[in-house]
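Student: Single-letter residue listing:
There are 4 protein chains.
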Amino acid sequence: MHDSVSPTVKRKVAVLILGGGRGTRLYPLTLKRSKPAVPFAGRYRLVDIALSRCIHARLLNLHVLTQYNSASLHLHINRTYRFDAFNKGGIQVLAASQFYMQDDREQWFLGSADAVRKTLNHYSQGSEPYQHFLILAGDQIHELDVEAMLAHHLAEDADFTIAGTPIHGEQLSKYGVLKSSVTGRVSGFLEKPSQDHPELPDFRRSVGSKADKLQPEKPYWGSMGSYLIRAEILRDILREGSPDFGSGAVPYAAHNYKMMLYPHLGFFEDIGVFETFFDVHIRMAEGCLPINLYHSDTSLYTYRRELPPAMFSGSSSVEKSLVVEGSVMGDQLKLKSSLVGVRSIVQRDCSLYKTYLMGNDFYPCHDNIPQVVNTGSKNLEIGIGANCRIANAIIDKNCSIGSGCRIGLDPDKLKDGDYQGYSIHKGIVIIPKGSVLPSNTII
Amino acid sequence: MHDSVSPTVKRKVAVLILGGGRGTRLYPLTLKRSKPAVPFAGRYRLVDIALSRCIHARLLNLHVLTQYNSASLHLHINRTYRFDAFNKGGIQVLAASQFYMQDDREQWFLGSADAVRKTLNHYSQGSEPYQHFLILAGDQIHELDVEAMLAHHLAEDADFTIAGTPIHGEQLSKYGVLKSSVTGRVSGFLEKPSQDHPELPDFRRSVGSKADKLQPEKPYWGSMGSYLIRAEILRDILREGSPDFGSGAVPYAAHNYKMMLYPHLGFFEDIGVFETFFDVHIRMAEGCLPINLYHSDTSLYTYRRELPPAMFSGSSSVEKSLVVEGSVMGDQLKLKSSLVGVRSIVQRDCSLYKTYLMGNDFYPCHDNIPQVVNTGSKNLEIGIGANCRIANAIIDKNCSIGSGCRIGLDPDKLKDGDYQGYSIHKGIVIIPKGSVLPSNTII
Amino acid sequence: MHDSVSPTVKRKVAVLILGGGRGTRLYPLTLKRSKPAVPFAGRYRLVDIALSRCIHARLLNLHVLTQYNSASLHLHINRTYRFDAFNKGGIQVLAASQFYMQDDREQWFLGSADAVRKTLNHYSQGSEPYQHFLILAGDQIHELDVEAMLAHHLAEDADFTIAGTPIHGEQLSKYGVLKSSVTGRVSGFLEKPSQDHPELPDFRRSVGSKADKLQPEKPYWGSMGSYLIRAEILRDILREGSPDFGSGAVPYAAHNYKMMLYPHLGFFEDIGVFETFFDVHIRMAEGCLPINLYHSDTSLYTYRRELPPAMFSGSSSVEKSLVVEGSVMGDQLKLKSSLVGVRSIVQRDCSLYKTYLMGNDFYPCHDNIPQVVNTGSKNLEIGIGANCRIANAIIDKNCSIGSGCRIGLDPDKLKDGDYQGYSIHKGIVIIPKGSVLPSNTII
Amino acid sequence: MHDSVSPTVKRKVAVLILGGGRGTRLYPLTLKRSKPAVPFAGRYRLVDIALSRCIHARLLNLHVLTQYNSASLHLHINRTYRFDAFNKGGIQVLAASQFYMQDDREQWFLGSADAVRKTLNHYSQGSEPYQHFLILAGDQIHELDVEAMLAHHLAEDADFTIAGTPIHGEQLSKYGVLKSSVTGRVSGFLEKPSQDHPELPDFRRSVGSKADKLQPEKPYWGSMGSYLIRAEILRDILREGSPDFGSGAVPYAAHNYKMMLYPHLGFFEDIGVFETFFDVHIRMAEGCLPINLYHSDTSLYTYRRELPPAMFSGSSSVEKSLVVEGSVMGDQLKLKSSLVGVRSIVQRDCSLYKTYLMGNDFYPCHDNIPQVVNTGSKNLEIGIGANCRIANAIIDKNCSIGSGCRIGLDPDKLKDGDYQGYSIHKGIVIIPKGSVLPSNTII
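Line by line, the protein sequences give chains A, B, C and D.
For the first sequence, the tail end lands on 464 under our numbering, and the numbers increase by one without skipping.
For the second sequence, the tail end lands on 464 under our numbering, and the numbers increase by one without skipping.
For the third sequence, the tail end lands on 464 under our numbering, and the numbers increase by one without skipping.
For the fourth sequence, the tail end lands on 464 under our numbering, and the numbers increase by one without skipping.
Only chain A is shown next, with the shape it has when bound in the complex (with noise of 0.2 angstroms):
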């Protein structure tokens, strides 16, 4: 499957990960770690999307860059991705800075290109020198074909590739925009531009090529921030200043650099943002998968855990949600369109409703918790009390909700902010890691 480019070409592609800004626009979820440590579906982190696609494609030269080390970061790599000594492949992260200090902007990466900048210097020892860097943003979920990306940045002998998905009128302002002709050659970048930018018209995907025939109700190409970039154009173009490679880079590089587009026409989705974290998973408890994660060529790698089953120890309702191992639900409970995590625990006659339960690090110290969840228990240092009614809520990791709790059931009452104990974001409960909530709390 993955043979369209040779494992020697592989092997001089650099696969730089961008761990993204400060992880503001996920707080609070980012309040204890970094970006791409964040607990994806329950048993995954952020960065394992990213990290698993390039493996799959057997691309091994691997870095992520983030603002700062946490330290469950560097664990969670160190302990998941360990090559063997066969192959020639690494993995580094790469921090703009191990601690945070006030007033001290300047240690920070400022941007995209600002983090490949600061740090182009690290991609450059060994006796055999990189020939192409791939960037992929590491808060993006989707399928695409970073391989065949590749064999076509090879066979179009491309300086610059960049991946495009087809966009409608009204996400304009959130993406870059290309200009591409008929035969793929990008020749202008627009980074977020209102509907009413006079140079649009020129931008609307033109009808020729065979990808610009499907979706034709996206008029545009809006960049993925997916690039695939030739060494020594990637170092021209990063002198170009601009923080963001939206913001400087790109149009540089359109205008002065053979630039193609990669059409990618699946699903594609940033989830850096808290409300499409939150609804992908949702999605994703519905059914709606946006990556195959039930087949072994798409498979996400994580960490290595030794948990047993998820016991259901009495009766329960299961509707639309998934389970991850090593959780334990009490007697009649109710799951609908929920993920349940790692370990989590809940007790009996709850009910969870659009709610993603992130699940825990460890288990409560207890001889028989099977038996506590089903029959009911104060004593239990983490997981969800008896009794709980629980919606449109994201419960981050070890937290210990008391019994009889309702949290998240009127919508028409969550007014976002930073509340004691809890936030509101858009409409969505957010319980912090390790929160303590008292039993009948009400949100």
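Source of the hints: derived by calculation from the structure; they are not laboratory data.
Be a bit skeptical, because a hint or two may be false.
Note that the list lumps identical chains together, so a pair holds whenever it fits in one copy or between two copies.
To be verified - Below, a list of computed lysine-lysine pairs in the DSS-like style, where the Cα atoms sit at most 27 angstroms apart:
#, residue 1, residue 2
1, K213, K447
2, K279, K109
3, K279, K213
4, K454, K213
5, K355, K447
6, K53, K109
7, K109, K454
8, K454, K139
9, K53, K33
10, K454, K33
11, K279, K139
12, K139, K53
13, K213, K195
14, K33, K109
15, K139, K234
16, K454, K357
17, K33, K355
18, K109, K213
19, K279, K454
Here the structure is a predicted model, which means the values were calculated and not measured.
Given the coordinates of chain A, assemble chains B, C and D onto it according to the supplied hints.
Tutor: Same frame as chain A, now just chains B, C and D:
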């Protein structure tokens, strides 16, 4: 926790896990695999139980003795139990023979003692000879505290320490029975005596020791087949010549050496027998766990798989069941007292009752398994088809059960025997590994 | 470099490395170990040669076929060849029998074809059956380009590709000889023919092809025992029934299938024969390397040891010799045309000439080995004592040679045979593994 | 051997290895790498010394604190120290900052105490908080028995245990000096006092204790910068605020807490200073080993390389030298009191005296390195050319020294300073990593 014996002493203990006989008692699960490789709890192998127990106790000189090396056993062990370069430990599989040959009885291990005898030279290499041998049966399930047993062995300066479990009179015929004094000294041993054996009165548990006072309803100490033996003693008692420990070496040692009882009062079951194997699985599904799987100190290790959460793609009723990762469940499902193994596929409108579904080694090739499972499809190469009713059954790995099947619903009609495409043992239906059952089959 | 065949095709190739016969030709090195485990070049094992070659070519479905699993072979392979979780590859040892039993000839592999025949069912598991089998002899040394051979096999759409090396007339009796046309099509095969075999004239290398023009002084193509065979063809030709490929399967295939020659013009030696094994080691010490060990693309893999630099603790003269890590050399040493293996201990005033010292598996217990080696000590449990003169010898692992010994100095007196504590074969003295030689022994 | 402290207690000890300052004292070896990554003994890194010591003692919660993450340090640690899934241990690198920025002093660790203070929050995660911190300097070499020190710390119920080494009066200005009673209680601390400091007489080693009686010629206890500190005490003493332990936290703790001396009477050297670093290497080559490398219990761990034996391709004279694996030595070579590092290439007719050749990270691209090294060639991209004379020098990694060079032969002419292409420090010539020196250069 594991501190009663020092690492240096532990390094001088060789662990021998006896894979058991030719596996006839677990037939037909052992038709295509060696006994230690039989799938346990839908995601482990039998051998993981004893190995994990020893590893938690940091006893790391591990040997698995088996009649033959099934490829799957070897692969499983090599992939799962990789010690790092900083340990002195290691794991070896020693097989009586690699390949089965007609009319050649001699090459097999004739019993537990014969297995140890034939392989004894394998344990003497290296500059540091072993001082003690811990011999464990590989087909039992219990939480025997091997570290405490070793500490006891050392504290008592015993030649031979034998683990005992309290048993009822009616269990006598299945056990070796120990005669122990108030101090725990064992001075006699009867292998599977009848209830009217003249010496039995002397074998009743004495009431002096603390352990003896517990579980008074079980008047005898049955041997668990778990031994700790001083190296030089082992060599001597094997010269006795009997094929099994119980039939010769143990009674010989009881009379000639200082043999001490190590009392084990917790759960104990021999799951190397088919009906117990099935029964323990159903009881686990119903919440009666012989091992505290939901605790990091007693978890079982197994092969690292990269699998997504279990998916309930429609509306299901789940009662007292265990569901392993990677499973995909269709709409309108009923699970009760069942264990659904790794990568199981169960299409819509099925019901499982008292069923151990072992799961699959791979996914059927399909772009969207969750969708077809939910809507029903005849095209999936493995898994349970739509609208099946299954009870009292073990479905081995990689089976394809056509839609509309009725299996094991009427226990009265289940007569033991091997039939075309399935077997019935003790009233339990077994569908062998990789079987294909046509639609609407009734068993 | 390794690009001529795609990873997908490589995944469908099973590699079978034939560990060879009972190892009598390497006796007594094979007295206590299986042939693939014989130490090569003082720090590797024989089996590392073929395995490393395949791994460099990314052929990762590896099987080692051996008569019996020596514990050391298994341990070596399990520790050395650990593929990561991101590869589909794996390595298995398949042994004819685990334990040697008197008067039971049938259980052994009777020859190369018999070994493959008896294990054939082991290669058919999994959802993706193998399409080609690469069969390599495990006791040869050469730089056969297995990737190029595979590319050739595919390009020619061959059923059976056989590697050939040019040989002299006087070598005929040791080789299978190929009859090939200008196109490389092989149409005949003679197993070890005499020089006056009537068909031989038809077997002379034709002069049409490019390969045929090289090394004209060697008029025949000898089979290297390296085959690439289409899966379905293999199954058929094994039915022919002969124990060895050369005596049956290959001539049968030459007549019934499309068999192509893959010419190999570089170094080729069978080191499964004692005198060649010795000879190749001395030649390596003298700088004639059959494999380019000093290059990262052709390096050999072996077990990771944690060893310090080789130490020359006094003043030494070293001429055309190889010195492995962890060795400690005493004062006033003379090394010439010798190979000093891992952790070797050679005390002061010794001289080694044309000697292959295999080294030690562990260090003698001493606080300051460098010091006592330099000053001389009778108390070291292993190693070469002070003031020894050794020539024309193989000293196997973990030997203790007392001080003042004289070994192999006078070739005329070395009569072949097994003696008390040593053997002489073809004029070479062998001290078996773990031997203790008293001081002042003269051989 | 490592039994004085139980594994459970060890699990609650966090080890912090202080990578040291900006590395100016080792300049220019630290020009392109962080201090812990400086090559030690031709095949290790400085950080391997402390890490190996802790791992042998089974202290596995390891943290390396460094000013910045050189890519090579990270790669080295990730590849070398991979604990298996059965351990709770792990290793983290914590860097003051990833990237060097002008005029931004604050982001660096200002000293040993500052480094611990700034990273303290990183050690508090998990459900089991650490109870003790073992703080070790990463640039020292000694065989401090950390396990015995921990046992001593626990037995004395100390708040703070400090390792001390006997020192001479003239060493006072380089050490923190301890005032200890007969019981080992430390009640005072002077940081680098002058020899006429008025309090010094009270600091002389008392003669009551067993340790105090040894090495009477060294009248003071110098601090080795190795501390064992109770977790809650550490937090308090760091509040004292000084950048270094010696300048503030230690004297504060000596006055306010129960501080105990742990006497270390063996070898001790700070090799974070250039001249000592060089001196220790030459002494090792001459056989004076600060660590017993030739013993499996005290060996150093390092990255697994796949390298062939060291080759002496011609006739050489080797005296009191260490030769690392993978090296290729030409004809007519003279090595004396020198250390030849990994993959070193030294062409014919060279002599090395008191030289530490660090070796190479890769081989020059050539089909037959042994041959050209033996005959001499101008075309090898790295290594020492033919006919060079080198003395009193450190040649860093990957240098190319042209033929006929004369380096460091006349100590009188070696004036300290940085010159074009080399430096001289304390009479030692340093050729920086990757330098190219023209033929016939004279230094």
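Student: Please go over all the hints and tell whether each is borne out by the structure.
Tutor: Status of each hint after checking the structure:
1. Taking identical chains as interchangeable, the C-alpha atoms of K213 and K447 lie at most 27 angstroms apart only when both belong to the same chain, with a minimum of 22 angstroms there against 61 angstroms between chains.
2. When the C-alpha separation of K279 and K109 is checked against a cutoff of 27 angstroms, the pair qualifies neither within a copy, at 30 angstroms, nor between copies, at 38 angstroms.
3. When the C-alpha separation of K279 and K213 is checked against a cutoff of 27 angstroms, the pair qualifies only within one copy, where the shortest distance is 22 angstroms, while the shortest distance between copies is 63 angstroms.
4. In this assembly of identical chains, the alpha carbons of K454 and K213 never lie at most 27 angstroms apart, being 34 angstroms within a copy and 47 angstroms across copies at closest.
5. For the identical chains of this complex, K355 and K447 are intra-copy neighbours only, at 25 angstroms inside a copy versus 36 angstroms across copies, given an alpha-carbon limit of 27 angstroms.
6. For the homomeric pair K53 and K109, the shortest alpha-carbon distance between copies (22 angstroms) is at most 27 angstroms, but the shortest distance inside one copy (33 angstroms) is not.
7. For the identical chains of this complex, K109 and K454 are inter-copy neighbours only, at 23 angstroms across copies versus 38 angstroms inside a copy, given an alpha-carbon limit of 27 angstroms.
8. For the homomeric pair K454 and K139, the shortest alpha-carbon distance between copies (23 angstroms) is at most 27 angstroms, but the shortest distance inside one copy (32 angstroms) is not.
9. Proximity of K53 and K33 under a CA criterion of 27 angstroms is satisfied inter-copy only: 23 angstroms between copies versus 35 angstroms inside one chain copy.
10. In the homo-oligomer, the alpha carbons of K454 and K33 lie at most 27 angstroms apart only across protomers (24 angstroms), although the nearest pairing inside one protomer, at 40 angstroms, exceeds that limit.
11. Taking identical chains as interchangeable, the C-alpha atoms of K279 and K139 lie at most 27 angstroms apart only when both belong to the same chain, with a minimum of 25 angstroms there against 47 angstroms between chains.
12. Taking the shortest alpha-carbon separations for K139 and K53, both the intra-copy value of 25 angstroms and the inter-copy value of 16 angstroms come in at or below 27 angstroms.
13. Taking the shortest Cα distances, K213 and K195 sit within 27 angstroms of each other inside one copy (5 angstroms), while across copies they are farther apart (62 angstroms).
14. Within a single copy, K33 and K109 get their C-alpha atoms as close as 11 angstroms, and across copies as close as 22 angstroms, so both meet the 27 angstroms cut-off.
15. For the identical chains of this complex, K139 and K234 are neighbours neither inside a copy (40 angstroms) nor across copies (57 angstroms), given an alpha-carbon limit of 27 angstroms.
16. In this assembly of identical chains, K454 and K357 lie within 27 angstroms of each other by CA distance solely inside one copy; the values are 23 angstroms within and 34 angstroms between copies.
17. Within a single copy, K33 and K355 get their C-alpha atoms no closer than 51 angstroms, and across copies no closer than 41 angstroms, so neither meets the 27 angstroms cut-off.
18. Within a single copy, K109 and K213 get their C-alpha atoms no closer than 39 angstroms, and across copies no closer than 43 angstroms, so neither meets the 27 angstroms cut-off.
19. Taking CA atoms no more than 27 angstroms apart as the test, K279 paired with K454 passes in neither setting, with 47 angstroms inside one copy and 38 angstroms between copies.
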